[in-house]
Amino acid sequence: MTEEIIIAGFGGQGVLSMGKILAYSGVMANQEVSWFPSYGPEMRGGTANVTVILSDNRISSPIVNEFDTAIILNQQSMDKFEKTVKPGGVLIYDPNGIIHPPKRKDINIYKIEGTLIAAEMGNVKTFNMVVLGAYLKAKPVVKMESVDLGLQKSLPPRHHKLIPLNLAAIQKGYEMVEKVQSA
Amino acid sequence: MGELRLMKGNEVIAEAAIRCGCDGYFGYPITPQSEVMETLMEREPWNETGMVVLQAESEVASINMLYGAAGSGKKVMTSSSSPGISLMSEGISYIAGAELPCVIVNVQRGGPGLGTIQPSQADYFQSTKGGGHGDYRLIVLAPSSVQEMNDFVDLSFELAFKYRNPAMILTDGVIGQMMEKVELSDFKPRMSPNEIEKKYGSWATLGKPKNRGRNIITSLEMDSHRMEVNNRRFQEKYKQMEELEVRYEEIQCDDADYVLVAFGSSARICQKAVDIARNNGLKVGLLRPITLFPFPKKPIGELAKRVKGFLTVEMNAGQMVEDVQLAVAKTKCSVPVEYFGRMGGIVPTPLEVVEALKQKLIGG
Chain A
0 MTEEIIIAGF GGQGVLSMGK ILAYSGVMAN QEVSWFPSYG PEMRGGTANV TVILSDNRIS
60 SPIVNEFDTA IILNQQSMDK FEKTVKPGGV LIYDPNGIIH PPKRKDINIY KIEGTLIAAE
120 MGNVKTFNMV VLGAYLKAKP VVKMESVDLG LQKSLPPRHH KLIPLNLAAI QKGYEMVEKV
180 QSA
Chain B
0 MGELRLMKGN EVIAEAAIRC GCDGYFGYPI TPQSEVMETL MEREPWNETG MVVLQAESEV
60 ASINMLYGAA GSGKKVMTSS SSPGISLMSE GISYIAGAEL PCVIVNVQRG GPGLGTIQPS
120 QADYFQSTKG GGHGDYRLIV LAPSSVQEMN DFVDLSFELA FKYRNPAMIL TDGVIGQMME
180 KVELSDFKPR MSPNEIEKKY GSWATLGKPK NRGRNIITSL EMDSHRMEVN NRRFQEKYKQ
240 MEELEVRYEE IQCDDADYVL VAFGSSARIC QKAVDIARNN GLKVGLLRPI TLFPFPKKPI
300 GELAKRVKGF LTVEMNAGQM VEDVQLAVAK TKCSVPVEYF GRMGGIVPTP LEVVEALKQK
360 LIGG
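In the order they appear, the protein sequences are chains A and B. Here the first sequence is numbered in numbering that gives the first Met the number 0, starting from 0 and rising by one per residue. Here the second sequence is numbered in numbering that gives the first Met the number 0, starting from 0 and rising by one per residue.
Heads up, some of the hints might be wrong.
What the simulated footprint calls covered on chain A by chain B, stretch by stretch (three residues with Cβ under 8 Å from a Cβ of chain B suffice, anywhere in the stretch; the number is not a length) [unchecked claim]:
hint, region
1, 94-103
2, 128-139
Listed below are several chain B residues computed to face chain A (Cβ distance under 7 Å; list not exhaustive) [what the hints assert, rightly or not]:
hint, residue
3, L5
4, M177
5, E179
6, P208
7, N210
8, R246
9, I345
It should be emphasised that the hints constitute simulated quantities derived from the structure, not laboratory data. Ideal Cβ placement from N, Cα and C applies to all residues, glycine included.
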């Protein structure tokens, strides 16, 4: 198994930390992982993205041109990354702020109302975990136990009291994700 | 097995420095390597091992602090990115001339000038051929994974002290910024002055005891004849490094018709390119120089006897390609050596590499 993922959205949405938690979950499941962030001028312009690779084998290039899964959280990222999904791959997006929904017919498309759900849960910061839950439903690449361990490892101990809330958000996203198109 | 963590390459440099018993770090922030000092400041190693961490007022100041501390026999290091290394180059030349050990990390970004903050490998010439003035060489190690960022810190210190010569870890924004699994090294205690003297001989300026002459550390020698003697000694040392310290990795070269030559993050891109090419029925291998100086001339020469061509892949305008051409020329084999690369902070993709290989070497 090799899963190449791009997560892209605005800075502050928790894109990089979602990637880190996913990568750490992979470490906990004994997978090979890599996490490569955008750190350049585009980040300073407000958008952020991270490439995460999970694999049973040694990972060659941490930078790839096409992805098994794209998790897209704003319009700029839709414009940039919809075309990079492999045929038959997965695109997950939050319709909040998306003016032009994905048009590709050869990929599986999932919709998650992450912004809405996080607001309903009373903590907008759980947004990224809702989206992570949606991803894990679409692509069960790691077990929930590993995600729990991944959270423990990637959050500093002073934030461990927030883990149950994060797990609840992941569960919510897992339940609420909607498949809108099959390839 | 040591502790397994998910860390950025830059963070690992800092952690590895603490763990290998480094005595001091002097640096100045610059993207994309600022996490090195940030991690050190957060870890507060002065409470744990007594290691000094100091943010200097500039790169020029930090390299000269390194010079002074190295002269007292301490294990000291700095890190910067390309423009900062240019500022340090005078000091690096002095340290090489005074024959002192230290470790310098260059997390390269695109140049020339202030350039960009994106990854690049355009400082290959600067690192392997000079940078500063005079006939000196650095031992240059090029990690291509976060794990090697850990492993090469200790190795660089070992080599730097063995040859009393500055060692450089030449990496870039990709390896510095990415996170991978890493098995951290075990803690080694810092060495006392006596232990250093026992292991590496007496050359540090620690105060003159009655039973030996003065230890003098300087790069200045007004007598040209004596300066030539010094230079001959340096050259002898560099020759010895070329004989003993060459490190490289061959990936799927055994049956290869074509061999990619790439170091650091480019070598990672090329590993994927090798897989893609082999899936297309092309017998392609990868030679990854781990030491850029000393350069693995011999293994390249050996391959030249049986392969149909080399393609160097570099994030620069074609620098290492010259060393590959020299290594091949020495064998008198007429094997083509081509170059492919991107510049200014653009990272080539594996598919681009395969396309370049087809166009430049295979034809079609």
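Open item on the list: When the structure is checked against the list of hints, which entries are broken? Sort them ascending.
Closed with: 1, 2, 6, 7, 8 and 9
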